[in-house]
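Those protein sequences? They're chains A and B, same order as listed.
Following our numbering, the numbering of the first sequence begins with 1 at its first residue and continues without gaps.
Following our numbering, the numbering of the second sequence begins with 302 at its first residue and continues without gaps.
FYI, nobody ran anything at the bench for these hints, they're computed from the structure.
Wrong hints could be hidden among the right ones.
On the chain A side, residues computed to face chain B include the following (Cβ under 7 angstroms) [what the hints assert, rightly or not]: (1) A19; (2) P21; (3) S25; (4) P32; (5) F34; (6) V37; (7) I39; (8) I107; (9) W131.
Think of the CB as a built atom: it goes at the ideal place given N, C-alpha and C, for glycine as much as any other residue.
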Amino acid sequence: MADTKDPTGSSKAKWLVVAVPYLWSAIFFLAPFFIIVKISLSQTAIAMPPYMPQFKDLATAWDAVRQFSLDNYVFLTEDPLYIAAYLSSLRIALISTLLLLAVGYPIAYGMARAPKGVRNVLVMLVILPFWTSFLIRVYAWIGILKPEGLLTMLLQALHIFGPDQQLKIFNTETAVFIGIVYSYLPFMVLPLYAALEKMDHTLLEAAADLGCPPLQAFWKITFPLSLPGVVAGCFLCFIPIVGEFVIPDLLGGSGTLMIGKTLWAEFFNNRDWPVSSAVAVVLLIILVVPIVIFQNQQKKL
Amino acid sequence: MNKNLTWFNVTALVLGFAFLYIPILILVIYSFNESKLVTVWGGFSTKWYASLANNQSILDAAWVTIRVGLLSASLATVLGTMAALTLDRFKKFHGRALFSGMVYAPLVMPEVITGLSLLLLFVAIGFDRGFWTVTIAHTTLTMCFVAVVVQSRLVTFDRSLEEAALDLGCPPFKTFFIITLPLILPGVVAGWMLAFTLSLDDLVIASFSTGPGATTLPIKIYSMVRLGVTPEINAVSSILIGVIALGVVAASIVTNRAEKERERAERAAFAQG
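Kindly produce the complete structure, drawing on both the sequences and the hints.
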């Protein structure tokens, strides 16, 4: 049995290795979700913390539980803003994921076909922007996309735009798409590259020898073989994009509706903790299915 | 090999990398702009860097961020390595499915949810928000990234070395520190670096879990950006980018060299045997 020979095999050590991260995650990742559900069932109150009821002791706990209500959830369905924000987030996430796939696939393909020695450098070059701050990378686009920004200046210099013409994409969804594709590109390229790099080139050579045109060979051989990478990349991008806050806030302006922004405003501007908790719970329910699929995918790797 | 580098592949790579790097390059270039208007080039100047040195609130925020980053990355590396060992070595124990769920879910969980839920936990247990709550929040998020990086290292790990040590009577703990840890060290180091930069970078979770006196650099930068684009922000950003780029390149050179040395040693050992 391999297990008895394990370096952490003595039962005390094994127990410690499992229990410490387990407890940490249970306390700081799992337990908060129960609290979020609890508070989403509470009422807003002018107090600190700003919600009712509070659990003081076990004797009054049942009274507190009986005060729970679904009011906040009813409120979410009554105000069309929230439903519109959820739908708009899903739509933006779906379109950006497809855009990411369209932009990321040729890059990953080019990387996988590059000479072996160059490949590691290319992987490094894709990862490097990912290490530099998300916030800073989004900020960099403000200066480029602003109406009086660098892209307008470039277009004017090239005489594509007249001297008075300005780019009108800052504070629109287009700017949000650009920001998302830019920020999430490494998350799409790396899984695609991992799948494409493993591919056996002789399959393509065989197809070519048998007279299959390159484009057809791509759709019949390369793309199906890269499918695990496509699925991993899409989920890795889609799920966090649905709840994205920084990009729509900085590039999308007031016209872009996304649920991450709504939650943030509800919490930091309106100080309505119970409603923001309800917003988070519903978002979580929407994302449970993709998250479970993503986890099964991860376990297989 | 070169016949594979068609014009299509080269174009895709050139355009792709231009897209990734030009915005960052522009940002850095304009941090040296004399003019206060971000889009007008007024000549080369380092005055925005000088003005940073006198901006006490930015310096304070940077100091908080570095302390949170160092502490949370170190905690996350210990916890994440343990989590990776658990997932790689112990295939069957009660609650394993839940554990692997708790390790993988934070990777994709929208930050607004993680941030809000952690804040509500801290409030519920009456934990004063500040330096420690941000550190705990970052540890919780980044340990999952460490676990994934270390686990990918463990998958390619040759277990026979450990087994040999154990057969020769080496105690399990000692075996871990003299055999396992050195072999997975590149993964552990990469995990620490990733955890540190993620902590340095995080705005959303830090905004939820922070309290008085613990303003991190991203929170500070975000509030400055909301007030408008200034060359001073470009200067802070450029310093951050420079520090991180240097760190990543240095780390990759070190791990590459270690890797090559190890391979050479292995080949030498095989040649002798």
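Hints, one by one, checked against the model:
no.: 1; hint: A19; verdict: violated (9 angstroms)
no.: 2; hint: P21; verdict: holds (4 angstroms)
no.: 3; hint: S25; verdict: holds (4 angstroms)
no.: 4; hint: P32; verdict: holds (3 angstroms)
no.: 5; hint: F34; verdict: violated (9 angstroms)
no.: 6; hint: V37; verdict: violated (9 angstroms)
no.: 7; hint: I39; verdict: holds (6 angstroms)
no.: 8; hint: I107; verdict: holds (4 angstroms)
no.: 9; hint: W131; verdict: holds (5 angstroms)
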